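Chemist: Going line by line, the protein sequences match chains A and B.
For the first sequence, counting from 1, position 82 maps to 82 in this note's numbering; every step adds exactly one.
For the second sequence, counting from 1, position 51 maps to 1051 in this note's numbering; every step adds exactly one.
Hints are computed from structural coordinates only; laboratory data are not their basis.
Since this is a predicted model, take the numbers as computed values, not measurements.
From the three backbone atoms N, C-alpha and C, an ideal C-beta is built for every residue, glycine too.
The hints are all genuine.
Below are the DSSO-like pairs computed for lysine-lysine, each with C-alpha atoms no more than 30 angstroms apart in a straight line:
#, chain 1, residue 1, chain 2, residue 2
1, B, 1225, A, 44
2, B, 1225, B, 1206
3, A, 41, B, 1048
4, B, 1004, B, 1026
5, A, 99, B, 1239
6, A, 99, A, 54
7, B, 1206, A, 99
8, B, 1206, A, 24
9, A, 44, A, 32
10, A, 141, B, 1026
11, B, 1036, A, 65
12, A, 18, B, 1296
13, B, 1296, B, 1048
14, A, 24, B, 1296
15, A, 44, A, 105
16, B, 1296, A, 22
17, B, 1225, A, 99
18, A, 24, B, 1239
19, B, 1239, A, 16
20, B, 1296, A, 99
21, A, 32, B, 1296
22, A, 112, B, 1296
23, A, 53, B, 1048
24, B, 1296, A, 44
25, A, 112, B, 1048
26, A, 65, B, 1225
27, A, 41, A, 54
28, A, 99, A, 65
29, A, 32, A, 16
30, A, 22, B, 1225
31, B, 1291, A, 44
32, B, 1052, A, 105
33, A, 54, B, 1296
34, B, 1239, A, 44
35, A, 44, B, 1285
36, A, 105, B, 1296
37, B, 1225, A, 18
Each pair of labels, with its calculated beta carbon distance range:
#, chain 1, residue 1, chain 2, residue 2, range
38, A, 201, B, 1186, 51 to 57 angstroms
39, A, 15, B, 1007, 55 to 61 angstroms
40, B, 1279, A, 38, 43 to 49 angstroms
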Amino acid sequence: MDLPESAGLGRVHTNKIKIMEKIKANLIEHVKSNFPEVTSKDYKGNRLDLNVKKECIPSLLTYFKDMLGYIHLSHITCVDWIEEGEFELVYIVWSPVEKMKVTIKTRVEREKPVMPNIDMIWRQANTYEREFREMFGIQFKGLVGDEEFLLEDWEDMPPMRRDFDTEAYVDDTFFHRPGREDALDVREEIVKRSREEIPDFAKKYSR
Amino acid sequence: MREKATTLYLGPQHPGITGNMMIRLKVEGDTIVSAKTEVGYLHRAFEKLQEKRNWLQSFTLMCRFCVPESDPMEESYARAVEAIEGREVPERAKYIRVMVLELARLASFMLWYGGQNGSLGLYTMGQWSVGDRNYILDLFEELTGGRVYHMYIWPGGVRRDLPKGFEQKVLKTMDYLEKRLGDYDDLMFDNAIFKKRTQGIGLVDKDTAIENGVVGAVLRGCGIKSDIRIDDPYEVYHKLDFEVPTAEGGDIWARALVRRQEARQSIRIIRQVITDMPGGSVYNKVPNPQKWVLPKGDAYVRTESVRGEIGLYVASDGGNMPRRVHLRGAAYVHGITLLEDVLVGENVADVSAIMNSLGTCPPEIER
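Just chain B, with the same shape it has in the complex (with noise of 0.2 angstroms):
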């Protein structure tokens, strides 16, 4: 017999949607029949406002579009804005800002930890994970003053040199985050329920990656090899040696797989930016903001965050004020035509890890 459809409103307040908007699902049982992302919930007209602030207050608005991915923001403003004017970044701005990028993304993946798992009912794992975050919060308060929002990497550069003795308190903190995920793989991937939660959910293949334009962990769950940082080199990470880390089969596991073989590259990373760091100034000075004029003329730059690629697009009109600036994340397209076919034929207990999984935040959306 067949059951009677109902329509779910899953959020847009809800403690497993990953930030303000909703899902409008379709249920016969448990199992979902058709998807319909609604946004809206969110949006503060960034980019409206930029177009309005001149080219360092603008800067100042970028790290505020998501919050696990604050320093990607403002490296591609940074860039971008750099590419415009031909302005020339001192060699160890550049290790400094792979150095906090990596940063940046561990803590990132902390909080993935603590939501996937969150989302399958181990909370055990979000205490630990979101915990052991601070102490990368900590080393962040410490360079730049701000735990969550940093406003650090700005054109030209980054804002201070490290702070004294800087260099071995993160290494210290690296080696304990290395011990860590240790013990974070036997609570998880040695978990029975997390693999049976995981394996098989989520699913999405190769074509439909392609077609849907999908990016970062969830290309890479699908055993393609692509990263930004190695396709599209930029900073110093062509000089770097790390490894692309993929999985087969394109679920939540393989996924999974994927970023817990990242977060061990990116201290591998920061180990070695901080050993081949070399000296001299850390900013080439832009003039007086009031009258920083950038030439006519557009720059695209993109950057490797944890939930894929982010897509940075500036245009300048000659004037003190952008005039363009468009933001594309990773959620912009996992978010919406993506997570609209995935949840097709799901069990409605599996769409708040299908959502951490494919990195789906809301504010990248609707910026």
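So that you can see chain A by itself, here it is in the shape it has in the complex (with noise of 0.2 angstroms):
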């Protein structure tokens, strides 16, 4: 792979931004040659997006961590699209070399998601999936860890897709406190309770 040693100064100079477009040629170059169904958006910067199909997500990051050098999995992440019925998953990966930050996205289906587990790449990635296992649902084809994680006996639906409703479940769940659904006016109630007169300077506050 020749890329420009330059690119790895990490400090800010004149050439930069044409090292960045060349690394980013690059780059795209190398995955099209082994992924040709991968579509790719250019972002200013050091940003670059790269758009794949669910079962090509193991492969892909195996390729970027051993034959390219993006040897740090920087973030995972979750969006529920629900108008679409899908999630995004977002992997984003960094190069300490390139200094290339490459956002590796791909979409599942919301009617019983399931993924391929990435924990046998980067061992933190077995956090993130026990995560998403929990708040939105997705299984993740062998992944080991406890079926809890942040959650206790939870039975209602993962807790982070839009269509749970907290206030609702808040008002299902717990009662409220008295003295609170019909906010009170807090100094006519202390006036109420302690039975005194409301100091003048206080007068104009209150309703």
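These two chains come separately, so use the hints to put the complex back together.
Modeler: What follows is the structure, given as structure tokens:
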């Protein structure tokens, strides 16, 4: 792989943009020669987005880690696009040599979502996947780890899904503390309870 | 003779644990055989709440993710929103942001000094450093009105300009703290007990570090030079002159040496920022927050905090509320898979020191 070595300097210099463009072009060429189905979107600066099918995720990430030097898995996130009936999983990898941030995106259907597991590539992915299993209800094939991560005895819908109504859940689960339902005026309530007059200076603030 | 294994539940409320989480330890005698992190005691669903709040209301939740690191979180959010919207930030605001971030870093180092030494029984250091941290909090109070949560760095710039004579006060505090760091060295790094309790304890080697996605001082303590401020510079860090200290060894001692140098680098950065700070406005005004709509898109920004890389992913669906805000703190990686590995074979008395050294912060794991 012939990438310019000067890209690893880190400090901003005059040729930085040109070098970034070169790195990106090289990267896209390499990825597309091995994964023809990948589509890419270029951004300003050191960001490059790739879109792939979910089946390609483990092989593409392994390729990035072992062949292209993107050794740091910076983040995995999940976004619920409920209108489209899909979850979007976003894997962000970083190369300390090229100083490039590659965002790899994939979509998975919302109904019974199943994703390939990647914790054999990066160990910390295990934590993310356990969280998504619980919070979004995504199953990761072959994921090892306790069923419960943050929640305890949870039987409701996975709570980070967009259609989980937090307010309704709170209303159903907990009772309201008496005296708060109708937003009482605190001063009037104190007067009522203590049977004392409101001082003059405070009257103008009272309803 | 093999000793019988006992299960020990450390936490969720324990003075040695750096927040509300539990570690289920299996011990034989004093030696840890296996460790399992149990979280779930502190989930506040911030990320869920933010989906129901507009862009400016969401910002007020950001600083509350983790107490000692409020400013890097705010700055990440501001920068992510600006990246999605394409909003420019005035140059002066960028300098002020760096000054605030570095002051926050120093304040956070002071807490670490206290925590790290407290976990080893050297309580004097905590009295000193938390006392000295108050001088930084005084500065914050004057600048932002708050001591711990500032809500100062918001999308478009910073909330207000520096008060009159503030720069001189900062410089005076820096002179004082620089002197105090020397005193800390005498108490901590020249201390035979501290050396004995930290050298060779909590080892993280280079391969484990890369495999686990380790960041920050823990990675630099393995001899790997890595700092977001240099590698992926933000604000005005690329214009500043500072060094990234590293140390060899990968133990608590090495990480302490790294942090010791980093605190001095922060003072160096603050002095530069104050000297170089240009004039001008500090805020590129955002529209009426109730009607403020961001274009569809997403952004991932990274910030170097005291404990390592903070990553924030923000997605917008083109509305006036975030579609998704997802924070990745250093503790998300260090506090679970790495900690579980590192603790095996260690003495049960060192758990707290190792947790402090790795920068485990449970609020960041649960959010």
